[in-house]
Structure formats: C-alpha cells, structure tokens
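Asker: Use these hints to put chain B onto chain A, whose structure you have.
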Amino acid sequence: MKAKIVVAPRRATVLLLVSALLIVCGGCVTTSQRGDRCATPPASTNVLLIEPDIILFELTAGGLEEPRADWTETAKVNVAKKLDEVLKKTGDKLIPHQPPVNVPDRMHTQEQILKLHEVVGQTVLIHKYIPLYDLPTKQGCFDWGLGECVKSLKEDTGADYALFVYLRDSYASPGRAALIVAAAILGVGLQGGVQLGFASLVDLQTGQIVWFNRLISPVGDLRTPEAAEKAIQELLVNNPL
Amino acid sequence: MKRFKFILVFCLLCAVCASCATPRGTPGAPDDMQPSQRPDASSDEAGLWMYMDRIESRLKTSGRVVTDPALNAYVRQIICKLDPVHCADIRIYIVDTPHFNASMAPNGCMQVWTGLMLRAENEAQLAYVLGHEMAHYLRRHTLQQWRTVRNTSTALAFFSLATAAAGVGFAGSLAQLAALGAIFAYSRDQEREADEIGFEIMAKADYEPVQASQIWGDLLAEDEAGGKSARSIFFATHPTTTERIATLRNLADKTAKERSSWTAGREAYLNAIQPFRKEWLHEEVHKGNFNGSMVLLNRLLKDQGASAELHFFLGELYRLRGEKDDCENARAEYEKALQLGNPPPEVFRSLGVVCLRMDKAKEACDSFEEYLKVNPDASDRQIIESYINRLR
Numbered sequence: 001m002k003a004k005i006v007v008a009p010r011r012a013t014v015l016l017l018v019s020a021l022l023i024v025c026g027g028c029v030t031t032s033q034r035g036d037r038c039a040t041p042p043a044s045t046n047v048l049l050i051e052p053d054i055i056l057f058e059l060t061a062g063g064l065e066e067p068r069a070d071w072t073e074t075a076k077v078n079v080a081k082k083l084d085e086v087l088k089k090t091g092d093k094l095i096p097h098q099p100p101v102n103v104p105d106r107m108h109t110q111e112q113i114l115k116l117h118e119v120v121g122q123t124v125l126i127h128k129y130i131p132l133y134d135l136p137t138k139q140g141c142f143d144w145g146l147g148e149c150v151k152s153l154k155e156d157t158g159a160d161y162a163l164f165v166y167l168r169d170s171y172a173s174p175g176r177a178a179l180i181v182a183a184a185i186l187g188v189g190l191q192g193g194v195q196l197g198f199a200s201l202v203d204l205q206t207g208q209i210v211w212f213n214r215l216i217s218p219v220g221d222l223r224t225p226e227a228a229e230k231a232i233q234e235l236l237v238n239n240p241l
Numbered sequence: 242m243k244r245f246k247f248i249l250v251f252c253l254l255c256a257v258c259a260s261c262a263t264p265r266g267t268p269g270a271p272d273d274m275q276p277s278q279r280p281d282a283s284s285d286e287a288g289l290w291m292y293m294d295r296i297e298s299r300l301k302t303s304g305r306v307v308t309d310p311a312l313n314a315y316v317r318q319i320i321c322k323l324d325p326v327h328c329a330d331i332r333i334y335i336v337d338t339p340h341f342n343a344s345m346a347p348n349g350c351m352q353v354w355t356g357l358m359l360r361a362e363n364e365a366q367l368a369y370v371l372g373h374e375m376a377h378y379l380r381r382h383t384l385q386q387w388r389t390v391r392n393t394s395t396a397l398a399f400f401s402l403a404t405a406a407a408g409v410g411f412a413g414s415l416a417q418l419a420a421l422g423a424i425f426a427y428s429r430d431q432e433r434e435a436d437e438i439g440f441e442i443m444a445k446a447d448y449e450p451v452q453a454s455q456i457w458g459d460l461l462a463e464d465e466a467g468g469k470s471a472r473s474i475f476f477a478t479h480p481t482t483t484e485r486i487a488t489l490r491n492l493a494d495k496t497a498k499e500r501s502s503w504t505a506g507r508e509a510y511l512n513a514i515q516p517f518r519k520e521w522l523h524e525e526v527h528k529g530n531f532n533g534s535m536v537l538l539n540r541l542l543k544d545q546g547a548s549a550e551l552h553f554f555l556g557e558l559y560r561l562r563g564e565k566d567d568c569e570n571a572r573a574e575y576e577k578a579l580q581l582g583n584p585p586p587e588v589f590r591s592l593g594v595v596c597l598r599m600d601k602a603k604e605a606c607d608s609f610e611e612y613l614k615v616n617p618d619a620s621d622r623q624i625i626e627s628y629i630n631r632l633r
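The listed protein sequences correspond, in order, to chains A and B.
Each residue of the first sequence is one higher than the one before, starting from 1 at the first, in our numbering.
Each residue of the second sequence is one higher than the one before, starting from 242 at the first, in our numbering.
Chain A with its partners taken away, still in its complex shape (with noise of 0.2 Å):
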C-alpha cells in the first residue's frame, strides 16, 4: 500500500495535446462553434451560471505542475466576477448555481453531470480543434451534446441554458524562468506556463451544446482581474446571449 501520489494522466494527455494545437492551430481567427440545428437562444432567457471548474498550477523547475490553493482561490473570485459582469450586460436572467447539497440524490445526479461536461468539453477540444483527431462522423458539423440528462437542472434551477467554464493555468517557477533562458541560449525551447479553458452554452432542454469556445494562451494571468477580464472577454467571444 501507498500514500497516493497526485499525478491525473488525463490531465497530461490534454497537455500534451495543447502542445499540439498550439503549433497546429497557432493562426486560427475564429474559434468558436455554434451548434447545428441549435435555435439561438432568445433576447432574455434564464442563464444558469455552473460554478468555473479552474486550478492553476505552478511548473516547477523539473517540470511538473504544482496544484496551487492560493492563486486558484484569487482565480476563481476574479473570473466569477468577470463573468457576472460580461454577461449582466446581455439583460439575461443569471441564476447562480447552488448544489442542493442537502439532496444527495439531486446532488448525485448533477455531479454527474458536471463530469460528464468534462468530458464532453476535452472529446471537444482534441477532437473539433485539431485536424489530426477530426472524427469522420463529425465533419464539417458542430452536433455535439450532453444528452437529455440536463433537463434536471432545468427541472431543478428554472434555467433554459447552462454555462459551463473549464480553466486550467500554469505559470513557471522562478527556477522554471531561469532554466527556460539557460536552455534558450542552448538553442533548446522548453515550455513555460500556459493557459487553457473551454467554455459551453448548453440548451437544458436538448442537452446540445448552442455555442463553444477554447482558450489557449501562453500567456495571460487569471490571478489579476485585468488580465482574468481579458481572459474571460476571449472566452466568451461570438457567444450567443
């Protein structure tokens, strides 16, 4: 038996794959997806707002990521703030999302939902933004959903559409910066911090996904609000509400 050690392999295939898009992908203009056969969501609709998913980590000098409480604490109040204060000025209805934690097969039930979204957001990601993984199924088309399972949160909160935002950032050590310019002059690039997300508008009555939009930046910093509001601007861009 052993003391568990924190490693998510799922986590560093996406990394991986980030890697990937960043290079493929470098000089995409639009991003964003609007789902097929999705009706765009009318001029004041009930928004339920699901609760960011963000860690921000820090690159050790060696190379592995770091869970920081701290930042991600700073993160998550400064996106919150920004996404309530982007998305007041579209005359939506925002319904904050509470989990009914006293209901645990309620809470069950949108657990799962929440992973699923995970899920879905990452087979996205790989699959819809790089051409290597395009899936002969999905060409040319953007149909991709969580299935009918959401209806509970439309039964359970009163909301037509939920937003889901998925964060992850990573900023390097000072002992990452300075090997990152030691190997430079070696004539060796090696990775800094980086930032990726992804954010979905789902219709609670279909469980399509209406809109959707990555976010991949080598630069950028949720842990000021200036920088999170530009991250959250970029984000949410071309969306629907």
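Because the hints were derived from the structure by calculation, they are not lab data.
As the structure is a prediction and not an experimental result, all values here were calculated from the model.
Take the hints with a grain of salt, since some may be wrong.
If you anchor each label on the Cβ, the simulated ranges turn out as follows [unchecked claim]: (1) A:Asp70 / B:Arg562: 54 to 62 Å; (2) B:Lys528 / A:Val119: 23 to 31 Å; (3) B:Leu511 / A:Leu94: 52 to 60 Å; (4) B:Ser627 / A:Leu94: 43 to 51 Å; (5) A:Gly91 / B:Arg622: 55 to 63 Å; (6) B:Asp309 / A:Lys88: 42 to 50 Å; (7) A:Lys88 / B:Ala282: 26 to 34 Å; (8) A:Glu155 / B:Gln515: 53 to 61 Å; (9) B:Asp309 / A:Gln205: 36 to 44 Å.
Each computed BS3-like pair below joins lysine-lysine, with the alpha-carbon atoms no more than 25 Å apart [what the hints assert, rightly or not]: (10) B:Lys301 / A:Lys115; (11) A:Lys138 / A:Lys93; (12) B:Lys445 / B:Lys495; (13) B:Lys301 / A:Lys151; (14) A:Lys76 / B:Lys519; (15) B:Lys528 / B:Lys301; (16) B:Lys445 / B:Lys498; (17) B:Lys528 / B:Lys543; (18) B:Lys519 / B:Lys614; (19) B:Lys301 / A:Lys154; (20) A:Lys93 / A:Lys151; (21) A:Lys154 / A:Lys115.
We put the beta carbon where it would ideally sit given N, CA and C, even for glycine.
Answerer: Leaving out everything else, chain B in the frame of chain A:
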C-alpha cells in the same frame, strides 16, 4: 564557443539554483498532523489538499463506493478505536474492487478496497491495515514524497542540462535512473515507517499483534501462486513482503507478552462482511487470476470451514478457466455445495452449463429446470428456457 556557452549556462544555473531548489517546503519529515489541522492556504500542502478534494468529490459519485451504512459504520468505529483523536478528520470510502489495497490521501480521504476486506480474516487484520494507512496521514507521507519528487526532478532538470552542455548526455540518463531509485527508496522507507506505526496503534487498541504479519503472509502466498513474485527490486515501491513479515513478526513476539489476552475480533468481522461476501467472491473469481484466487478460496475454506458458497465459487473458478478436466473439477465442487445445503441458486445454472459442455443433456436440462424453480424471477430466465427447449 561551446565552452563559452557551457560557462555561461553553468554560472546561470549556479545563480538560480540557490533560489529555486527549495521552492515551498523543504524535503524531510514535516511535523505530525494535528487533529482538525488544515494547511496554510499558500503552502504546497494546501495545493495537494485542493487537488485531492476534487478527486474525492469525483470518487463519491463514481458508482464504485459501497454506501451500506452498517458496513461503513463498522469500519469507522475501528478507525476511531485506533485513533480517537484524528478519526473525525478521516473520511472512509469502501471501494468495490476485487484487489487487495487501501490508500490514504493527504486530505484524509481513505480508500479501503473490497478485495482487502474479502481477504482479511478478522477485525485485527483490517485494523492493522487501517493503522498503516493512518500512519501515512499522521506522518504526512504524501507531502514528503511530493517534495522529494519535486526537488529531485528539479535537480535532475538542471543536472541533465548542465551535462548536455558539456557534451556528456549519457551522464544525464544515468542521473535519471539514480533519481528514480532515490524517489522509490524514499517511499520504501515510508512504507516501513507506516508498518511500524500501524502495528503500534493496533496493539495499543488491544488487537492481537500476530495478525499484522499474518495478513502479509497470506498475501505473499497468494502473490507467489499468481506468478507475481518476480518483482524488480530496484523499482519496487514497497519493501519486499518477506522483509515486512519478518519485521512485524519480531515486533509481535516482543509485544505479545505484554498482555495475557488480545482481541482478534473474528466473529464480529465475519458478521460485518457476510452480506457482501457473495458479491465480492463473484468479482474475485471473475478477475482472471486463477492460481491466486485458488489459493485464496482454499485459505478461506480452511479458515472459515466448508460452506456451499465457497465450494460454489471454487467450482466457478474451474468452470471459468475451462482447461482439461475443469468440467469434472467444477462439477465435483458444485456437488459438494449441494451436499452442504442452502447453496446459492446459481449453482444449478452453472451445473447445467458444465453438464452441457460434457454432453450430458439430461442432467443439464434437469439442472436448468431446477435453477428456474428455485429462482423464478431470474433475469436470465428466457435464455435458460431456450436451452431447456433445445435440449428436450
């Protein structure tokens, strides 16, 4: 030019090494965990907790957690008996997986796998393993290990780069091997420490000392039968089990004399797991490790006495392996189960399947009919009926 680059890089590395080699928290043993202690928000430990909290919330809804209140309460009271001071900080998740394991995350999220619970013979054996896991938490082993890995990998990155600059890339890869060895050696030490502390708190809670070495001994026997004994010594993350058994047996010899009576808690334990044992045995025989499962089932037969349930699963093991003579072997075990009385209804179905393979149509048909008679609501009723119709 190359030399200039090397000197430049070397100077840079020296300059920054001092500032970055110990980013947050130094390697070595931190203080023991205090009751209801939470890490400081800016610490590396808080980062690990945050990450584990997230994984824990996923674990809760994974569908593999045994939620039965009685079984959970039973395991919890053992933890509280072992360590009344910290038991409120520990959350226990009994995870339905037919392998021997238990784990402890830095935030107090403890996993106990059902494969372990199936194998423990009494409460004292489970208590020892729980004590071992508690020790990982109390001594903050994950944090220690994380710091070792982080600082070793940091040193490694610098070392690899410096040697690459000097044109000796080979030294870099040797350093990599050595660093890996260092990381795992550290974890071997932690396991030894957890064994000792686990033993100590188990004995303090009045559990019979000899049970600690017993559970490893049983596991070793199973492992050897399963062909997993050929392990790489260099990369083993655990001390060799024989070494752990010897250490624990020595400790038990010394401690046993301290008291005249100890608790094994055999009956209480077997009663607690009884409602789940059939399901756990079912998962065990479907694991596909015939030899290991065979050793386990024979040990349970020896320890807990002959029962229809155990003979049925021995039969299942032969039936699933399906090698030469296994139909006869399986049939013999099913017959024993039937003789012992009160067998699981599935014994008739399995007997039918085995007879079918042996071209004994009449017996197969009788067994299938008996299966539907004792289990009228069987979910596989239709397919069994189709067998019967074909055989008639």
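Asker: Does each hint fit the structure? Answer for all of them.
Answerer: So, going through the hints one by one against the coordinates:
A hinted range of 54 to 62 Å for the beta carbons of Asp70 of chain A and Arg562 of chain B is consistent with their spacing of about 55 Å. The beta-carbon spacing between Lys528 of chain B and Val119 of chain A, approximately 27 Å, falls within the hinted interval of 23 to 31 Å. Remark: the range hint 52 to 60 Å for Leu511 of chain B to Leu94 of chain A is upheld by a beta-carbon distance near 56 Å. Under the hint 43 to 51 Å, the C-beta atoms of Ser627 of chain B and Leu94 of chain A, about 58 Å apart, miss the expected range.
The hint said 55 to 63 Å for the Cβ distance between Gly91 of chain A and Arg622 of chain B, and at roughly 59 Å that hint holds. Roughly 47 Å separates the CB atoms of Asp309 of chain B and Lys88 of chain A, a value that falls within the hinted 42 to 50 Å. Judged by the Cβ atoms, the range 26 to 34 Å given for Lys88 of chain A and Ala282 of chain B holds: they are separated by roughly 30 Å. Distance hint check: the CB atoms of Glu155 of chain A and Gln515 of chain B are about 40 Å apart, inconsistent with the given range 53 to 61 Å.
Asp309 of chain B and Gln205 of chain A have their C-beta atoms about 37 Å apart, which keeps the hinted 36 to 44 Å range intact. A threshold of 25 Å between alpha carbons decides the hint, and for Lys301 of chain B with Lys115 of chain A the separation of about 12 Å falls inside it, so the pair holds. Simply put, Lys138 of chain A and Lys93 of chain A have alpha-carbon atoms about 33 Å apart, too far for the 25 Å limit, and the pair is violated. At most 25 Å may separate the alpha-carbon atoms for a hinted pair to count; Lys445 of chain B and Lys495 of chain B meet this at roughly 14 Å.
As the CA atoms of Lys301 of chain B and Lys151 of chain A are separated by approximately 22 Å, the hinted pair is consistent with the 25 Å bound. With a CA separation close to 47 Å, the supplied pair Lys76 of chain A and Lys519 of chain B exceeds the 25 Å bound. Using a Cα cut-off of 25 Å, the hinted pair Lys528 of chain B and Lys301 of chain B holds, with the two alpha carbons roughly 24 Å apart. Restraint check for Lys445 of chain B and Lys498 of chain B: the C-alpha separation of about 13 Å stays at or below 25 Å, so the hint holds.
For the proposed pair Lys528 of chain B and Lys543 of chain B, the alpha carbon gap of about 22 Å is at most 25 Å, so the pair holds. Simply put, Lys519 of chain B and Lys614 of chain B have alpha-carbon atoms about 21 Å apart, close enough for the 25 Å limit, and the pair holds. Note on Lys301 of chain B and Lys154 of chain A: the hinted pairing holds, with a Cα-Cα distance of about 23 Å set against a maximum of 25 Å. Between the alpha carbons of Lys93 of chain A and Lys151 of chain A the distance comes to roughly 18 Å, so the proposed pair stays at or under 25 Å and holds.
About 17 Å separates the Cα atoms of Lys154 of chain A and Lys115 of chain A, which keeps this hinted pair within 25 Å; it holds.
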